[in-house]
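Participant: Here are the chains, one letter per residue:
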Amino acid sequence: DTGVSQNPRHKITKRGQNVTFRCDPISEHNRLYWYRQTLGQGPEFLTYFQNEAQLEKSRLLSDRFSAERPKGSFSTLEIQRTEQGDSAMYLCASSLGVQQPQHFGDGTRLSIL
Amino acid sequence: RKEVEQDPGPFNVPEGATVAFNCTYSNSASQSFFWYRQDCRKEPKLLMSVYSSGNEDGRFTAQLNRASQYISLLIRDSKLSDSATYLCVVNLNDYKLSFGAGTTVTVRA
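Order-wise, the sequence lines are chains A and B.
Residue 1 is where the first sequence starts when you use my numbering, and the numbers rise one by one after that.
Residue 1 is where the second sequence starts when you use my numbering, and the numbers rise one by one after that.
Since the hints were derived computationally from the structure, they do not count as laboratory data.
Keep in mind that a hint or two might mislead.
Claimed, not checked - In silico DSBU-like pairs for lysine-lysine, Cα to Cα no more than 30 Å straight-line:
(1) B:LYS79 <-> A:LYS57
(2) B:LYS2 <-> A:LYS57
(3) B:LYS42 <-> A:LYS14
(4) B:LYS96 <-> B:LYS2
(5) B:LYS96 <-> A:LYS57
(6) A:LYS57 <-> A:LYS14
(7) B:LYS79 <-> B:LYS45
(8) B:LYS42 <-> A:LYS11
(9) B:LYS45 <-> B:LYS96
(10) B:LYS96 <-> B:LYS42
(11) B:LYS96 <-> A:LYS11
(12) A:LYS71 <-> B:LYS45
(13) B:LYS79 <-> B:LYS42
(14) B:LYS2 <-> B:LYS42
(15) A:LYS71 <-> B:LYS96
(16) A:LYS57 <-> B:LYS42
(17) B:LYS42 <-> A:LYS71
(18) A:LYS11 <-> B:LYS45
(19) A:LYS71 <-> A:LYS57
(20) A:LYS11 <-> A:LYS57
(21) A:LYS71 <-> A:LYS11
(22) B:LYS2 <-> B:LYS45
Bear in mind the structure is a predicted one, so any value in this text is a computation, not a measurement.
Throw the hints in and build the complete structure from the sequences for me.
Facilitator: Put into structure tokens, the structure is as follows:
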């Protein structure tokens with residue numbers, strides 16, 4: 001399978017814990033995106049990488065959130081001191097270039113107890 | 001005002017029917033447009049890009065009206081497998097996609 005891969009698929013954790021998600025994009029795609037989706041809403045943009053450079057961050061990305069793409073391949077999204085409101089589906093997408101369609105991974109569903 | 005607005009539906013149609021729905025977008029500078037399909041608790045999947053001249057992919061037809069800032073999707077000869085949420089997506093710049101909340105379509109036997 002050469003699509004976008006995310007893990008874990010599900011994460012259940014207690015409030016206040018830190019969590020980290022991983023995304024492996026389609027191999028030839030240099031652009032990688034993170035989105036968050038809650039029930040009944042469309043995905044909301046969080047951040048974007050071109051190769052290893054993080055070029056844009058949404059206001060939704062509080063200082064508890066950090067994303068990296070150290071070698072321009074896979075990316076990680078870390079949430080520190082999780083809160084109830086962080087419960088959502090976290091989606092990763094990748095694309096080949098400017099204005100090209102973005103292809104999504106299966107997502108990581110985060111539940112905060 | 002939301003960047004992309006869609007009628008949430010649901011559109012409940014019999015097999016074989018035609019169903020059509022629109023979305024509107026607020027930013028006239030939007031550059032590219034897409035329809036994505038999302039099944040329950042799954043990731044969005046690209047259905048089709050939307051071009052100014054309108055385009056068709058099998059039973060699906062998409063139209064873009066830049067003057068009125070709306071995008072439409074028409075599904076002909078609906079199949080049970082077309083039941084899903086259809087997300088209208090607008091590219092506001094060279095990286096950020098803005099999604100509508102989705103239109104739910106249910107095709108019944």
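Participant: Are the hints correct? Go through all of them and say.
Facilitator: Hints versus structure:
1. This hinted pair does not check out: LYS79 of chain B and LYS57 of chain A have alpha carbons roughly 40 Å apart, beyond 30 Å.
2. At roughly 19 Å between alpha-carbon atoms, LYS2 of chain B and LYS57 of chain A fall within 30 Å of each other, so this suggested pair holds.
3. With a C-alpha separation of about 24 Å, the suggested pairing of LYS42 of chain B with LYS14 of chain A holds against the 30 Å cut-off.
4. A C-alpha spacing of about 15 Å is found between LYS96 of chain B and LYS2 of chain B, which places the hinted pair at or below 30 Å, so the restraint holds.
5. For the proposed pair LYS96 of chain B and LYS57 of chain A, the alpha carbon gap of about 10 Å is at most 30 Å, so the pair holds.
6. Under the criterion of a C-alpha separation no larger than 30 Å, the hint pairing LYS57 of chain A with LYS14 of chain A is consistent with the structure, at around 26 Å.
7. Between LYS79 of chain B and LYS45 of chain B, the direct Cα distance comes to roughly 18 Å. Compliance with the 30 Å bound is thereby established for this hinted pair.
8. A distance of roughly 16 Å separates the Cα atoms of LYS42 of chain B and LYS11 of chain A; the hinted pair therefore holds under the 30 Å criterion.
9. Pair hint LYS45 of chain B plus LYS96 of chain B holds up; C-alpha atoms about 17 Å apart against a cutoff of 30 Å.
10. Between LYS96 of chain B and LYS42 of chain B, the direct Cα distance comes to roughly 21 Å. Compliance with the 30 Å bound is thereby established for this hinted pair.
11. Between LYS96 of chain B and LYS11 of chain A the CA atoms are separated by roughly 26 Å; this keeps the pair inside 30 Å, and the hint holds.
12. Among the hinted pairs, LYS71 of chain A with LYS45 of chain B is consistent with the structure: their alpha-carbon atoms are about 27 Å apart, no more than 30 Å.
13. Taking the CA atoms of LYS79 of chain B and LYS42 of chain B, the gap is about 19 Å. The hint holds against a cut of 30 Å.
14. Taken as a hint, the LYS2 of chain B and LYS42 of chain B pair is honoured in the structure, with Cα atoms around 24 Å apart against an allowance of 30 Å.
15. Between LYS71 of chain A and LYS96 of chain B, the direct Cα distance comes to roughly 22 Å. Compliance with the 30 Å bound is thereby established for this hinted pair.
16. For the suggested pair LYS57 of chain A and LYS42 of chain B, the alpha carbons sit about 25 Å apart, so the restraint of at most 30 Å is met.
17. A hinted pair counts as satisfied when its Cα atoms are at most 30 Å apart, and LYS42 of chain B with LYS71 of chain A qualifies at roughly 28 Å.
18. The straight-line distance between the Cα atoms of LYS11 of chain A and LYS45 of chain B is roughly 22 Å, inside the 30 Å bound, and the hint therefore holds.
19. Between LYS71 of chain A and LYS57 of chain A the alpha-carbon distance is near 19 Å, which keeps this suggested pair within the 30 Å criterion.
20. A C-alpha spacing of about 23 Å is found between LYS11 of chain A and LYS57 of chain A, which places the hinted pair at or below 30 Å, so the restraint holds.
21. Only pairs whose Cα atoms come within 30 Å are accepted, and LYS71 of chain A paired with LYS11 of chain A is accepted, the gap being roughly 25 Å.
22. Restraint check: the Cα-Cα separation between LYS2 of chain B and LYS45 of chain B comes to about 22 Å, which is no more than 30 Å; the hinted pair holds.
This entry does not satisfy hint 1, going by the numbered hints stated previously; all others are met.
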